[in-house]
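Undergrad: Sequence:
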Amino acid sequence: MAQLFGPMKEGTASSSSVIHIKDMEAKVFKALLSFVYTDSFPEMYEEIMEENAMSAAAEEQGQEVEEVEDETGLQWLLDLLVAADRYDLQRLKFICEKQLSQRIGMSSVASVLALAEQHHCHGLKAACLKFIQAQSPSRLQTVMATDGWDHVYTTYPSLVNGFIAKLIASTQK
1 MAQLFGPMKE
11 GTASSSSVIH
21 IKDMEAKVFK
31 ALLSFVYTDS
41 FPEMYEEIME
51 ENAMSAAAEE
61 QGQEVEEVED
71 ETGLQWLLDL
81 LVAADRYDLQ
91 RLKFICEKQL
101 SQRIGMSSVA
111 SVLALAEQHH
121 CHGLKAACLK
131 FIQAQSPSRL
141 QTVMATDGWD
151 HVYTTYPSLV
161 NGFIAKLIAS
171 TQK
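Letter by letter, the sequence shown follows residues 1 to 173 of full-length UniProt numbering.
Keep in mind that the hints are not guaranteed to be accurate.
Claimed, not checked - With a straight-line cut-off of 20 Å between C-alpha atoms, the simulated EDC-like cross-links for lysine to aspartate or glutamate are:
#1 LYS98 x ASP85
#2 LYS98 x ASP23
#3 LYS30 x ASP85
#4 LYS130 x GLU117
#5 LYS30 x GLU117
#6 LYS98 x ASP88
#7 LYS98 x GLU43
#8 LYS98 x ASP150
#9 LYS22 x GLU117
#10 LYS22 x ASP39
#11 LYS27 x GLU117
#12 LYS22 x ASP88
#13 LYS22 x GLU43
No wet-lab data here; the hints were simulated from the structure.
Just so you know, these numbers come straight off a predicted model, no measurement behind them.
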């Protein structure tokens, strides 16, 4: 919220001042502003997906276009969720959580879980843990072999311990 009430606050900066937001992509900030003005999920989502998928597909010839679209859309949603949290837009944060919960995959679940823990997204965290728990043991091993899981394991050990306790409890039923 400091970004909204600091020197950028209306009336405190000169009218010729330019505000630079260096830690956010223009597309994410545009979506954030769109939400602020319309109170609805940005319609530009599909446009961003198409535009980024086409450029990424040209660069990543080894991947299928659908995979690139999923990764691009996922990253945009993650960035938008972080921005919504930073600017305390709880409704947008909740919408992003729901959208992300539907896009969790084997390669992204650990990274999404870390972000959910960091930004106190309880619904998204629960969806990630449910996704991991619902998978077969071999898929669980696949998730645990990712760099994202290493990050979760070292950064959030209490989260991992809680997950293991839930996993053990569910297998004993």
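Undergrad: Each of the hints needs a verdict: does it hold here or not?
TA: How the hints compare with the structure:
1. LYS98 x ASP85: Holds - the C-alpha atoms of ASP85 and LYS98 are around 14 Å apart, at most 20 Å.
2. LYS98 x ASP23: With Cα atoms ~24 Å apart, LYS98 and ASP23 exceed 20 Å; violated.
3. LYS30 x ASP85: The given pair, whose Cα atoms are some 16 Å apart, holds under the 20 Å limit.
4. LYS130 x GLU117: The given pair, whose Cα atoms are some 14 Å apart, holds under the 20 Å limit.
5. LYS30 x GLU117: violated (26 Å)
6. LYS98 x ASP88: This hinted pair holds, its Cα atoms lying about 17 Å apart.
7. LYS98 x GLU43: Answer holds: LYS98 to GLU43 is near 16 Å, not above 20 Å.
8. LYS98 x ASP150: With Cα atoms ~25 Å apart, LYS98 and ASP150 exceed 20 Å; violated.
9. LYS22 x GLU117: violated (24 Å)
10. LYS22 x ASP39: Distance of about 24 Å is beyond 20 Å: violated.
11. LYS27 x GLU117: It is violated: about 24 Å lies between the C-alpha atoms, which goes past 20 Å.
12. LYS22 x ASP88: Holds, at about 18 Å.
13. LYS22 x GLU43: The given pair, whose Cα atoms are some 24 Å apart, is violated under the 20 Å limit.
Figure legend: structure checked against the earlier numbered hints; hints not met, in rising order: 2, 5, 8, 9, 10, 11, 13.
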